[in-house]
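**Student:** If you read the sequences in order, they're chains A and B.
Heads up: the first sequence begins at 1 in the working numbering, then just goes up one per residue.
Heads up: the second sequence begins at 1 in the working numbering, then just goes up one per residue.
It is possible that part of the hints are untrue.
Quick list of the computed label-pair ranges, beta carbon to beta carbon [to be verified]:
no.: 1; chain 1: A; residue 1: Gly124; chain 2: B; residue 2: Thr1006; range: 43 to 51 Å
no.: 2; chain 1: A; residue 1: Pro150; chain 2: B; residue 2: Thr61; range: 23 to 31 Å
no.: 3; chain 1: A; residue 1: Ser66; chain 2: B; residue 2: Ala484; range: 50 to 58 Å
no.: 4; chain 1: B; residue 1: Val279; chain 2: A; residue 2: Glu102; range: 55 to 63 Å
no.: 5; chain 1: A; residue 1: Gly124; chain 2: B; residue 2: Arg504; range: 55 to 63 Å
no.: 6; chain 1: A; residue 1: Glu102; chain 2: B; residue 2: Thr366; range: 52 to 60 Å
no.: 7; chain 1: A; residue 1: Gly124; chain 2: B; residue 2: Gly833; range: 56 to 64 Å
no.: 8; chain 1: B; residue 1: Gly204; chain 2: A; residue 2: Ser109; range: 43 to 51 Å
Everything labelled a hint here was simulated from the structure, so no lab data went into it.
Backbone N, C-alpha and C fix where the C-beta goes; we use that ideal spot for every residue, glycine too.
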Amino acid sequence: MIDVIAVRGAGDQGNAVVRVSEALAGCLGTHTCPGSSEHAEEWPANAVAVVGRSDPDAPWLHLARSVRQPIVVTPSGVPEDFEVRRVLLPLDGTAEAAHAVETAVALLSGAGLELVALHVFEAGNVPPFWDQVGHEEDAWEQEFQSRFLPGQDIRVVARSGVPGALVADVAADEGADLIVLGWSARPVGGRARTVRSTVETTRVPVMLVPLPRPDGTIGPSGTDQRGAQ
Amino acid sequence: MAVLSIPLAVSGAVCDLDGVLTDTAGLHELAWATTMNAFLREHCRPREGDRRPFSHDDYRTHVDGLPREDGARAFLRARGLEAEQATVALLAARKDRHFEELLQEAAPGPLPGAVELLRALRARGVTLAVATSSRHGRDVLRAAGLSDLVDVVVDGADAARLSLPGKPDSTVFLHACRMLELAADRCVLFEDSRAGVLAARSAGFRLVVGVTPDPGPLEEAGASLVVPTLAGLEIERSPADVTWAAVVLDADGLAPLLRARRSRVTGALTRLARSGVRVCTGPLEAALERLLDDGLGPGLVLAILTPDAAVTWWRRPRPAGGERLLVVAPVNGDEVLALLTERHRRRHRVPGIDEDPAWVIREVGTDPMRHRVTEALFTLAEAGIGLRGAVEEAPRGSMPMVLGAGVYHGVGSKEHLLPGPIWTGLRLTPPPGEDVRILDLRTGVLLRSVPGPDAEVLRTARFLSAAQPGRAAMRAEGTIDVLAAGPPLLLPEDGAGRSNRRGRVRWATVAGRRGGITVACAQRQARDSAGRRTVERLVAQSASGDVAPRPDELADQVEAFREETFDVALAAHRRAWATRWRACAIDLPDEPDIELGLRFALFHLWGAAGACGESAVGARDLSGPGYAGHVFWDADAFVLPALVTMCPPAARTMLEYRLRRLPSAQARAAREGYAGARFPWESASSGDDVTPHHGHLGGRRVAVLTGAEEEHITADVAWAADCYARWSGDDAFLAGAGRPLVIETARYWASRCRTSSDGTAHIEGVIGPDEYHEHVDDNAFTNVMARWNMVRAADLCESEDRPTEETRRWRDLAGRLVDGWDPRHGRHEQFRGYSSLEPLLAADLGPVPLAADVLLPPERLARTQLVKQPDVLMLHHLLPHAARPGSLAADLEHYLPRTVHGSSLSPAVSASVLARSGRPDEALTLLRTAVRMDLDDTTGISAGGLHVAAMGGAWQAILTGFLGIDVRDGVLNIAPQLPASWRRVGVRFRCLGRHVDVYVTGAEMTVRVDGPLAVRVGAEPVVLTDADHFLTQRWDRGAT
């Protein structure tokens, strides 16, 4: 059984945290329980924690870097009837992204949600060839599905631009209720910029899924300051 | 008595020296003891380290088999002593001096059994090397009287000279193999030390024989056999490890040996010949040449020779690939009979291939994503049917597929290739993990091998007959717990099909809106006493774009196939491929990657050559579902010019596809208010335009205008018709059946041109090959192609009759049609207004190739001078003599830096014009990009199908670019422009009804033809060569 821990701090986001926690608990078929960031090390290993984006008592970035569990960063202004029906999974071909998708699929596959994968073409990953506009994206999408979403019924959406600036917009365009991002707990680098930008600008909750290290462990990365993903 | 059974595939032996062949181990041990005991006495304080005297255990454990310094260091460490390098070197030198002294005093003799072993190996045709860490290896061998028995020696002195690391590193052993010109898996190693056995195992030796009274450590280290001494070791040849395809018997040399068995040997050879094995007698080299002409490389040939002949074979310079020959020197007639009988017993086994690295694409691994790519890479195609190279168990993500040329389903832009019945499925339990898959380009056979813990657990081979169109076959063998046949035919998941059986033949058919694909198959299973199951499928398949072929006809063909047998069909198939490679080939030894890539390209281009009647060559041909099988200008401007140099009739069938759709092209022109015929940008079954109206660029939905505006396809079709006639010498084609392709297209252009008030003619609102700029006016490529089209049509008509009003109008319009020539800059302007666009360069965006339209919005890109692929440069490629004289250099200078190569067609064409302009070294990088595109999956989507037009472009780049080969007015012109790194290049191709070989080495060129042909080399006068005559001429490497 997965616990959804509602981390309520000071400020006006308490209600949003509760609404998101309850909605997630509904998806996962579990229950919510209150929690505190001060006792994060006591959270069960299979918990999902929900925190407010601008909660001064539980700064999300600090929390995301120090816990092993996925955390859901919630903006204020979540509607009272908030439900999770569609989930956006940004995928950039990195290990973080692949792990986030795996985790999201494992967590949410039984909940009847629609999963939408997003790939953003940018300078570093643009394909060398794009022969015929009327055909190439079909070929590309089929291959992308096979490589990164094998066996999954997940729609793929592609965009061009800067991922950090695009994810929130696409989430809005697609009507996503939740964004799931892989998170290597490193504070700098392209993915860190994407994560921070997305969390700060989106109007929907963002689930950050920590990436296991090569030894399989997950968690605080105090000594890992290599930066780039 | 121990018996060492040496597989047929093993042709070499590498022996350690000390302790294996000679008894110098005792001398070494004594030298070490003398050296180390003195050191321990003199230099170690009482409380420092372990001062016990050097012992036999110390020798075996720490120094035996290692280079001296490594041994000294290992011993000192074991004694708790850390010594500086200078001390280690000093001790090593002392030991060496002591050993030399001992060697002088007591010359070592061979160990018991050593001489007999070497003689026995030699008598069985095995070539021999000695590899030792000892610097005195040669001295010791000489002293022991063994020098004359070995072919190669690698000793410590060689290792030091060549900086080879010593044991336990395997480099010394591998160097010995290289000296023998054999791979490690074709050698057996004899060793007495654990370090040596480990090294041999890691190096991949087929067999490792340990020689020591204490077998435990060597067995643990992986020795195949451990004997206490070589004395009494029996050597025999195991006949059962290779399913060879030909045997060369030295009948004269072996006559005394075979005397008593002559009739039985003759009978065995006759049986083998009947089952498809080639049997040759006579001189070995001549036989190998004949066999190569039958598609049988040396790795598939067993040579049964006298011992002397075998030794001679290994010692003298051999023909290319000779090291892969299987060589046996039998000791009696019974051994010959055993070899032949065993091969006959294996007649239902999976055949072998000659693993020549210059001719095989080899894939090893478990990555399912790479497997998807290899499915496309390993596509086999013949007779207008393609079979993707999916593995037999078709795991998740796999796309097993049978596709037929011109067999479509669906309507309009959704029309796509129809998948047919699959005949390669097997039930494999559990599904294999790591496997080895090898596509033999020389013979068109796809082989798969799945290793098990002890032996291979599965092996499969398949081919689509190049000799008997429509026939195909597969064999699989494996342990019964792994391999089960399962249903021989499977209908595709999304196809509407039906299946049934007629007697022992099963059939399945899938029908589309019009045509269909039908497959019939006979399956045979067998099981041997060793628990091995064999599954064989003999297949007849047919595809038609008009009507699904009748199952009964295919069933009849399978019945006939059953009479012939798998092996006979395979032999015919190999011969057919050999004939192909005699017609068209590349030899580029200085660039093995490019050479293999070009052979891979030619292999798949042959796959596009097999259709009968008409041939619809889609953008991915028959290697996958990508691009729906739609036919683009790729077919006319890229594939056809390659095919006409390989198989002119195949190029003719491509033109037949256009001819049969001429009415549709005429109807479109009429609908749009024009005369003549306008061919569609994308074409499928009917010849109507099937270009999608929308597509996506980086997720943006965009209107696709190519169907409406990329009109140059109409001139490309006319150009293809002319290209075919020009290269093949089939003058009757343009005068007869092919005439409308030139005339009707010229009529279209004549009606399409608009004349302005100043009298100039224009073509407006088009898209050129550079698709980043849409709806442009007076695209230079389109206009020059249209101009050429009208002039060519006028020439054609006037060659038969007097000028008419129409031909005069064509010439008049052609003369007035603007071509973007900018005399101020001495170059062509790509289209009207191009020069005023933002002068962005490709390098401003990033390294090329780069799909700039995915990165930048279309409207932004359209405002720049960035070019997707050669446009002005494409006119230099297709019509080098229609462009303004001397403009190529200036156009290259201007347009190449602006070209992002965002089309897979771009690198090859750019390489071609670069080379032709005298910049071959720069062209080389682009050529490499073109030929490795699918092999390295740089496109990221090769799994969906191969870029067959890029392959055609790469072959053109070699012929017309680097070798400057062109045909004009019935004369073959050759003007090479070769990169400095190419010392030798040879091509073979068809031209003007002849087979032509061009071979360039240094500054000399040789041209060989099989009939009279007019040839011009560079600016030299035309020489008419006679049949089978050589034309050897010097050429100027630097000339342009």
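**Student:** Now look at each hint and say whether the structure bears it out.
**Tutor:** A quick look at each hint next to the structure:
no. : hint                               : in the structure
1   : A:Gly124 <-> B:Thr1006: 43 to 51 Å : 49 Å, holds
2   : A:Pro150 <-> B:Thr61: 23 to 31 Å   : 51 Å, violated
3   : A:Ser66 <-> B:Ala484: 50 to 58 Å   : 54 Å, holds
4   : B:Val279 <-> A:Glu102: 55 to 63 Å  : 59 Å, holds
5   : A:Gly124 <-> B:Arg504: 55 to 63 Å  : 58 Å, holds
6   : A:Glu102 <-> B:Thr366: 52 to 60 Å  : 19 Å, violated
7   : A:Gly124 <-> B:Gly833: 56 to 64 Å  : 33 Å, violated
8   : B:Gly204 <-> A:Ser109: 43 to 51 Å  : 45 Å, holds
Going down the numbered hints, you'll see the structure goes against 2, 6, 7, while the others check out.
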